[in-house]
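> Sequence:
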Amino acid sequence: MFRCVVFACIPAGLFYIISVLVMKTAGFDLIQILRDPAQQTETSSFLGFLSNIGNWVWVSSAAICLFSAINVGSPGTARRRELALMVGVLSLALGIDDFFLIHDRFIHEYILYGAYAVLALALMARHYRQIVEIDGFSFLLAGGFLALSIFTDLIQESIPVRYGISQLAEEGFKFLGATTWLYFSVRMGLSFQPFLTRKA
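Counted the way this note's numbering counts, the sequence shown spans residues 8 to 207.
Just so you know, not all the hints are guaranteed correct.
If you anchor each label on the Cβ, the simulated ranges turn out as follows [said to hold, decoys possible]: (1) 21 to 114: 23 to 31 Å; (2) 164 to 121: 14 to 22 Å; (3) 169 to 20: 30 to 38 Å.
In case anyone wonders, no lab produced these hints; they're calculated from the structure. Using N, Cα and C, we set each Cβ at its ideal position, and we do this for glycine too.
Can you build the whole structure from these sequences, using the hints too?
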């Protein structure tokens with residue numbers, strides 16, 4: 008009971024209060040802070056449906072990887088736990104970027120795209136063997152889809168295609184990349200099972 012209060016209730020309560028105070032200071036009223044955007048704008052609950060599902064996918068990947076990194080402490084898993092931590096942090100960053108439109112409104116997309124590429128390459132260089140053992144194909148496929156999404160975003164104003172069509176392609180590649188990334192995250196979480204069985 009004590010652990011529940013300390014690790015769940017108190018942090019959640021503090022986050023809630025601080026969020027309300029910060030948002031109020033920024034000029035938002037309570038309704039704008041607390042109510043769902045679809046309720047406030049009186050639009051369909053399915054507005055941005057695929058975008059919202061995509062955010063769930065990123066958060067799911069982050070949760071699986073971070074849980075694996077934190078909770079599996081068996082001997083011989085240090086490198087794999089580091090990989091899970093790095094993939095989890097990158098998944099969380101991508102989810103936050105996607106949810107709050109960071110690359111569209113706050114930080115230039117070239118900077119963020121470059122940072123993501125460097126992080127992904129560094130991750131692959133440092134943990135190549137672990138990635139191949141887990142599922143190298145799904146890792147590369149996810150990276151390929153996400154790279155195609157970024158490439159489409161960068162060239163969409165220069166190609167003779169309607170904006171709606173280019174968006175369909177860009178978001179489609181991103182969705183495929185995110186779901187393939189989730190698949191890799193699940194495979195990585197499952198890869199800890201032999202170590203857990205051996206420990207038991």
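> All hints are to be evaluated individually against the structure, with a verdict given for each.
Hints and how they fare:
{"no.": "1", "hint": "21 to 114: 23 to 31 Å", "result": "27 Å, holds"}
{"no.": "2", "hint": "164 to 121: 14 to 22 Å", "result": "19 Å, holds"}
{"no.": "3", "hint": "169 to 20: 30 to 38 Å", "result": "48 Å, violated"}
Consistency with the previously given hints fails for number 3 only.
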